[in-house]
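**Q** With these hints in hand, go ahead and build the complete structure from the sequences.
2 protein chains.
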Amino acid sequence: MFRHVVLFTWADGVTEEQQQAIAAELRTLPGTIDVIRDYRVGLDAGLNPANRDFAVVADFDDAGGYVAYRDHPAHRAMVDQHITPIVTQRSAVQYEC
Amino acid sequence: MFRHVVLFTWADGVTEEQQQAIAAELRTLPGTIDVIRDYRVGLDAGLNPANRDFAVVADFDDAGGYVAYRDHPAHRAMVDQHITPIVTQRSAVQYEC
Numbered sequence: 001m002f003r004h005v006v007l008f009t010w011a012d013g014v015t016e017e018q019q020q021a022i023a024a025e026l027r028t029l030p031g032t033i034d035v036i037r038d039y040r041v042g043l044d045a046g047l048n049p050a051n052r053d054f055a056v057v058a059d060f061d062d063a064g065g066y067v068a069y070r071d072h073p074a075h076r077a078m079v080d081q082h083i084t085p086i087v088t089q090r091s092a093v094q095y096e097c
Numbered sequence: 001m002f003r004h005v006v007l008f009t010w011a012d013g014v015t016e017e018q019q020q021a022i023a024a025e026l027r028t029l030p031g032t033i034d035v036i037r038d039y040r041v042g043l044d045a046g047l048n049p050a051n052r053d054f055a056v057v058a059d060f061d062d063a064g065g066y067v068a069y070r071d072h073p074a075h076r077a078m079v080d081q082h083i084t085p086i087v088t089q090r091s092a093v094q095y096e097c
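Those protein sequence lines, which keep their order, are chains A and B.
If you use our numbering, the first sequence corresponds to residues 1 to 97, in order.
If you use our numbering, the second sequence corresponds to residues 1 to 97, in order.
Careful: at least some of the hints might be erroneous.
To list a few chain B residues with every Cβ distance to chain A over 12 angstroms, as calculated [claimed, not checked]:
id	residue
1	D12
2	V14
3	T32
4	I33
5	P85
Computed footprint of chain B on chain A, listed as stretches where at least three residues anywhere in the stretch have a Cβ under 8 angstroms from a Cβ of chain B [said to hold, decoys possible]:
id	stretch
6	2–16
7	50–61
8	72–85
No lab work stands behind these hints, which were simulated from the structure alone.
Note that the structure is a prediction, hence the values are computed from the model and not measured.
Backbone N, C-alpha and C define an ideal beta-carbon position, used for all residues, glycine too.
**A** Put into C-alpha cells, the structure is as follows:
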C-alpha cells in the first residue's frame, strides 16, 4: 500500500463550518478518482495545543495511484478552489506501507 | 476510528539507515501497546521535493486509545531515545474518521 499524508494549518478566522464544508467536498473525491483505496479527512480533535488544523490521509495500491490522484483535474480544482485560498502551512509525506 | 498523524523533519545528516532503524523500533510498539489498531510508519518516498522526511499514522478505537498510546511509557521512552535527539520539525493532527 502507498499512503499520502498531508496536514494543513489554516489562516486566522477560518471557522469550523468552513472546515467541515471542505471535508465534505474532499470526501466526494473517491467517487471521482478511482485509484483511491481509502480516504479519511478531518479536523484536528483539539487534544494537543500545538497541532495543525486538518488532516488528509489517502491510500493507494502504489505510487502510481498517488501520482494519478495528485495530478487528477478534480483534485487540482478542489485544491485551487477550497484549500489554496485559506492555507498558511502545508506538510506532506508519501510512503510505502 | 480515531487517527493520529505525525510528520517529522530530521536534522541534517540523518541517514536513511538511521531512519529505517527508527521505523523498525517504532513498529515494535503495537506489540507492547494493545490499544493500537493499525500502525504504519515510513520514510518519505521522495516524489515531492518540499516534503517532510518521515510519517507515523496510528489508528485507535477512540480518542482514549490515542491518549493511552501518547502517554504510554514505552512510547515516551522511544520518543525520548530515538526521535527527540534528531527532530527539527514536528507536525501532528488527531482526528475522528
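**Q** Taking the hints in turn, state whether each one holds.
**A** To see whether the hints hold, each was checked on the structure:
1. D12: Correct as stated: the minimum Cβ-Cβ distance to chain A is 18 angstroms, above 12 angstroms.
2. V14: 15 angstroms, holds
3. T32: 20 angstroms, holds
4. I33: Correct as stated: the minimum Cβ-Cβ distance to chain A is 17 angstroms, above 12 angstroms.
5. P85: About 19 angstroms separates P85(B) from the closest Cβ of chain A, which puts it past 12 angstroms; holds.
6. 2–16: With 4 residues in contact (Cβ-Cβ under 8 angstroms with chain B), the coverage given for the stretch 2–16 of chain A holds.
7. 50–61: holds (count 7)
8. 72–85: violated (count 0)
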